[in-house]
Every structure is written in C-alpha cells, then in structure tokens.
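Sequences are here, hints too, so could you generate the full structure?
Single-letter residue listing:
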Amino acid sequence: MHRSLRDSTIRRGARRCVPTILTLLVGATVASGVTLDAQVLDGEGEPVKDAVVYAAPLDGRPPLGEGPPAVVIDQVDKEFVPYVTAVPVGTRIRFPNRDQIRHHVYSFSKAKSFEIPLYKGVPPQPIRFDAAGEVALGCNIHDWMRAYVFVSETPYFAVTDENGRAALGLPDGGYRVEVWHPELDGRPEDTAREVHVGGGEPAALHLSIEKRRVWRPRRAPSLADPSYR
Amino acid sequence: MHLQFRSFRTRILALVVGLLVLVQGAVLLSVHVANLGSARRHVDEALELTAAAFRRSLRTREEILVERARLLSSDFAFKQVVATDDRATILSALENHRARVRADVMMVLAPSGEAIADTLHRERGGGRSLPSLVEEAKQHEYGEASAIQLLDRIPFQLAIVPFFDPEPSAWIVIGFRIDDAFARLLQQETGTHVTLMRRQHDAWEVYSSTLPEALRRALAAGLSTRPAAEREIVDVALSGDDYVSWIAPLDDPGAELFAVLQRSLDEALEPFLRLRTVLILVFSAGILLSLGAVAWIANRVTRPVAELARGALRIEGGNYVDPVRVDQDDELGALAASFNAMMKGLKERDQARDLLGRVVAPQIAEELLAREIELGGEERQVTVLFADIRGFTSRAEREDPQRLVQILNLFLTALSTAIDRHGGVVEEYMGDGAKAIFGAPVGHADDPLRAVRAALALRDALPAVNAEIAALGAEPLQIGIGVHSAEVIAGRMGSLSRLKYTVVGDGVNVASRLEGLTRRYGVPVLVSRDTREATPGIAFREIDLVSLRGRDAPVALFEPLGPEDALPDTLRRIAALHPEALEHFRARRWERAIGAFEELSRLEQPSPLYAFYLERIARLRADPPGTDWDGRFGPDPG
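So the protein lines, in turn, are chains X and E.
For the first sequence, this note's numbering begins at 1 and goes up steadily by one.
For the second sequence, this note's numbering begins at 230 and goes up steadily by one.
No lab work stands behind these hints: they were computed from the structure.
Don't take every hint at face value.
[To be verified] Capping the alpha-carbon separation at 20 Å, the derived lysine to aspartate or glutamate pairs in DMTMM-like fashion look like this:
1. E:Lys308 / E:Glu343
2. X:Lys110 / E:Asp315
3. E:Lys308 / X:Asp143
4. X:Lys78 / E:Asp304
5. E:Lys367 / X:Asp185
6. E:Lys573 / E:Asp551
7. E:Lys367 / X:Glu183
8. X:Lys112 / E:Asp314
9. X:Lys112 / E:Glu608
10. X:Lys49 / X:Asp59
11. X:Lys211 / E:Glu365
12. X:Lys110 / X:Glu153
13. E:Lys576 / E:Asp551
14. X:Lys211 / E:Glu364
15. X:Lys211 / X:Asp185
16. X:Lys211 / X:Glu153
17. E:Lys576 / E:Glu595
18. E:Lys308 / X:Glu115
19. E:Lys729 / E:Asp551
20. E:Lys367 / X:Glu210
21. X:Lys110 / E:Asp314
22. X:Lys211 / E:Glu370
23. E:Lys367 / E:Asp551
24. X:Lys49 / X:Asp190
25. E:Lys729 / E:Glu608
26. X:Lys78 / X:Asp99
All values reported here derive from a predicted model rather than from experimental measurement.
Okay, structure coming up:
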C-alpha cells in the first residue's frame, strides 16, 4: 500500500513532498479496521489518475480529528506539485515557490478565493481551506500552471495512482463513496456508491466515471523540457 | 499564248501564296489555340493560386483573431472582473478589450454557448447563442475554433477560445465584420476582386465586395441564373466583360456564404492578345513579302518563257533572223542562248537541206539526211536508166555556150520530169546526160516498168523539147536511153568529208553500155532482157544480140515501142513483122531477110535500124560468118 501510494504521488520533480502525503494518509488510517481498495476507470476502461475517492459515513457526519497537519503545494519548474491535493476541511496549505522566478498564485473558486501576489520563497502565512469543495489554482503570470485542491468534508479520502487505485482505511460501517476528478463530466454526486465494510475483510470497489475535455493554455516553450507542449 | 503564260504566272502565285497562307495559317491557328489554351490555363492556375492565397489569408486572419481572443482569455484583470459576476463590468471590460485589439465584436459565452455578455447587444446578453461554434471548439485540442457566421444578418469572421480562471469556465468570442474594407484588404493580398456573398435558395446577396455597385448587382443576378456551384472556376459576364470567377464556399456549414474571386479575362489575356496581334502582323507582312518575291520570281520565269515561245512561233513561220532576247544569267538565260544557237543551226540546216534538195533528188536528200553520216551500202535490186544527148560534144564545140546551157536545161528538165513522175530518182547529171535509179533509195514492186515508162515518156516528150529548141534557132536533139535491171550495191559512197548516194556494180555498166548502143541501131531506147521480162504490158521489138566486155553470153537488146494496148497501127504491124525478119536474118536466109527488112523499112520512115540491117546483110553476104554464128553482132562488127 505504501508503495502504491508512493507511486501515485511521485510526480516529476516532486519527490520531496512524498513524506507529507504519507503522513496525512497514515494518520487517516490509524483508527480503521478495513481497507477499501478502490479503482477508478474512465468510460473506456482506462485507469484514472488524480481522482479523489472519498467516503462519507451513512450514519452522519463523522467528527473530525484534531486539526490536520499543514499541507504543502510546491511550485517547481513553473508547475504546481502535486496536480491534485485532497485535504479535509480546515487544512492550511503552504505554497512554497521553489523556482528562481516569482509566481502569483490565485483562485477564483467558490470554495476558496484567494491570491498570493508575486512572491519568492515561502509565503509567511499558509492559506486555510475552510469550505468543502474544489478549488482551482492558477498562476497569474503562467497561464498553463494549474492545480486542484479538493477540500473534503469527510476524513476518508484518497487520491488515485496511475493505476487508478486508491486505498481508503475505513472503520466498519456503511459509506457513501463518491469520486471527484478535475475532468469529471457531471457532479460527484452522480458517481455515488454505497458500500458496507466490516469483519476485517478487505473490500474492493470499482468506480467508473465519464471524463470531459478540459483545455489548458499552451505552456510557453521551454528549452529545458521540450517535451511539454 | 500570252494569256496562258499570264495564267501560268497567276497559277504559281496562287499556288505559292496558297501554300504559304495554308502553312502559316495552320501555324498561326495552332499557336493561337495553344496560346489561348495556355493563357486560359495560366489564368485558371493563377486564380487557383490566388484562391490558395485567399484561403491562407483567411486562415491568417483567423489566427490573428484567435490570438487576440487568447490575450483576453488569460488576462488576469479580466478574470478578476469575471469573478465579480458583475455583468455591466464584464461588458465594459469586453468593450475595452475590443477597442484595444480593434475587433468588431466580443462576447463571453457560457460553456453551453449562450451569450453572457455581447458587445453587439448590451442588454442582458441578447439571448444570442453560438452552439455550432462552441461545438467546433470542443473538438479542438486547445478548445479554439473560428468560422464565418452571420450575426444579426451580417457576416463576421469569428474566433472562439476557452476562458481560463484558471479552469476553462466560459468562452471568449471575438470577431471581425466582413465588409468592403475586409474585401479590399483581401484584394490587396490576392490581387483579384473579392466578393463575399450569401446564397439563399439560388438567390445571391452581396455582403461586401471590391466591385463597383453596378457590377455587384450584375454578379448577383448572373450567379442567380446559374445552377448551384459547389466550388468551381467559371466565367461570368459582367457588363460585357468576362470575368474568370472562383466561387468557393466559406467555412460555415449552413450559412451558405461564398467567396467569389474574380479577375477580368480581358485583362488576364492581354499579353496573349498582344502576342496574337504581333503574330498576325508578322503573318501579314510575311504574306505580302512572299507575294512580292513570288511575283518577281514568276516574272523572271514567265517573261523569258513567253519570249522563247514567241521565238519558237517565229521559227515555225520561217523567221530565222530575230533571236530571242533574255538578259538573265541563270538557266533561262542559258536556255535562250541555246535557243538562239539552235535557231542558227536550224537556219543553216534548212539552207543546206534546200540546197541538197536541188542538187540531188529529194528522196536521196532525205536518205542522206535521215541517217548518220557514214559510208556503206547494201545489195538492192534496181533498174538503172542512163540517158544523154547524142552528139552533144561535137555540138558543144560549135554552139553558143549560152544557148547550149538553155538547150541542156530544156532537156534535163524534161528528163527529170519524166523520172520524177514515175518514181525514180536522178542520181546525178553527167554533162549532157543523167543517171537515174528506180528501186533505191525507195523501192517499188514495179520499178522496171516505171523505168521503161519513164524512158518512153522522155522519148515522147522529145518532140516538144525539140520544138522549143527549134524556137531558139538550134538543131533538134537526138537522145539515147539505156535501161537495165540488176542487183547492185546502193549506198553512200565517197569519203566522210565528201560523199554521195549512188549505185555501183556491173548492172550499172550494162545500162550505160545499152545507152551507148542506141546510137548504132538508131533507136532512142534500149533495154536488157532482164528489164524486158519484168515489164508486162509493154510492146518490144528485139534489136540484136551483142557481146559485152566481161560477158561470155550475148546480151539481147530490146526496144520498147509503147504500151501494148495503145500501140499505133504502124508500130503494131512492125512489131508483128519484125520477129520474122530477124529470124530470117539469123538463119542466114539473106534474100528473105532482105525482103522482110525492106518491107519494114517501108513501114518505118525513116528507119535507121532497118537500114543498118540491110547494110549488115550486104556485109555478111560479102564475108559470110563462121558456122557457129548465132546472129550476134561482133565481136568484130559484122
């Protein structure tokens, strides 16, 4: 599981952020007795990476644990790393700039609208995401830079690896499982499935979503990485 | 004749000029057709290139539009404006940007394609929706598209791009109005007239054009009468001028918008037309020059030919004096020189022939002229006639030479008349006599008879000749004629420089001897047995048997008396009595012979022949011959 998580979170040039995610997920699975092994596939049966699978207990809103640790979304080589970050409501996220140039991080999303004007290094204050929902992040001066923060109401969530797999540690009980993805065609509610876990048996769940086309501005040509379009 | 040569010249002229016109015309026509085809192809190809340039130009403008839209789609300030959700502010910012990039329309569309803000409809979006444009953009890798569409019935070139905040959450649309300025801009780039039109149920409407107003209407009317064309190059006549037109649908499914690119065909074909004019001028000049040259050549040929023809006519008329005059150094000049030389030759030959005809008999002249000049003869059966005037030599001594010639000519004229009339030829005159031939060079089946008749004719003509001679105051002539038929050699003899046609041989000598013997017997004509036997219908009397030099057998001599059927009574009686008298003589019955001869003498007055026989009998009685005497005369005169 660790291995697959690690695989799922390693992005190009993003190795240093791995411990953070591990901490987050390990923290979330301490109390659980069952692992829900979910796989997300698209309409063509291909695994979907960077999908957020989250489970809400059917018996009501579970109490959040102590405040989650600070999460970091880096800016490396004029890209956000990672592309999709799932956090529980109330998480503070720092946006350290690892490039030698300034970035201007912003979001006009309803769940969190903010702006960190042109800066270098680590901004003094983290941004607190205190409303559930998706937040699209951009950089004012680099049109193509984009990342998503999925602010989850439930503590039970995971982001799929390139095999479309995500493992959720769930206490025994019934759950409503939903999927969100930046290219999801439709609302997450439409993907909802109910599962019941218990008896120490690992559970498996296959989830299928339809993707839509989401355009991205062209990245300015880079001699350092001509493969990027 | 002259007219014919004129027409010959005309024919040469017509032929050469006709050929020239034909060949040049064919060349001109093929060049014209090839040129026209090439020019037309060139025009079409140029228009195709122009069409490609036009499409490229449209694409370039699309790209410009897209880029200008892109500027706004990632503009941070505009994102902030959109985030405010304040429609008025959004519209104002759109207007600002529209002015900044000098576009005619800008819009923000919801993801579904409905207008949120529209600079053409300030109040509440205007309800406009561009679903087809949005649909096209959705298929694109970067969500960008462009098209020509009608907005409020006005064509616009539109571009659409996603609006990023930073997610693609709306569409930005930007557009240029397609108007005359747009057409003029395209005209600058393509060099053709540009017209943008819409077709609705075969009715065409002009939106913008670089054409003048009148031509726009003509174009719309012209296209409306044509069947719907998808994309093609057609010729459209506008106000009398043909325009090559390229009609292409614009990239707008459903809107039926077309771009029409036009170029004046006359203008495009101008270089070709200029070339054609030059070709026609060159062609005409060539024809005129050729006409002159051919006329000159034809003149140079026909004038001398006509002169030669006139010369030939003169020769035909016997004029050998005037030469033809051709002052040319060419073949015709040489021909004229040859012609003149020929004329001179003809003249000399004519004179020679004339002279020859007088010197020799015409038949001999013909024979001499007909063959190559060579010596040689052939064996021929002929009858030779010798005639002369008896005692002419002694007469010549005492006669006046002038009168002698007159007498001689009278006789010879009668002689040649008699010979000619009977188909013989006088081979030559020999002083007071002549030698004539029957059977060469022209032969007849009855040559001996002809010769005997000629001899009789001359005998009978003598009284008339003598009458003329008597008129001159001279004594009458006595003549002797010898005729013999034999095989002789006839041909051209002498030397190459001086030859004559003659006959030679023993037979000729015999004839000559017979002529000489006439004097002894006092008869005018003597013929040999060979001749006598070949002349039926003539009455003869045998004169004697004589020995001739070189011959053993005696030769019998006969005198022709005349045609058997027209013999006078006296001669008939003489002819009847004569053989008996001769028989008595040869049988040595002298008394009876004398009686017979005396009787014959009485019939024939005077009778030198019978006087001769009576005298001869007297001599033989005095000196009788040997027992072997056969009645012949000689060798010693007996």
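(request) Please flag the earlier hints that this structure goes against, numbers listed from lowest up. (result) 9, 10, 16, 19, 23
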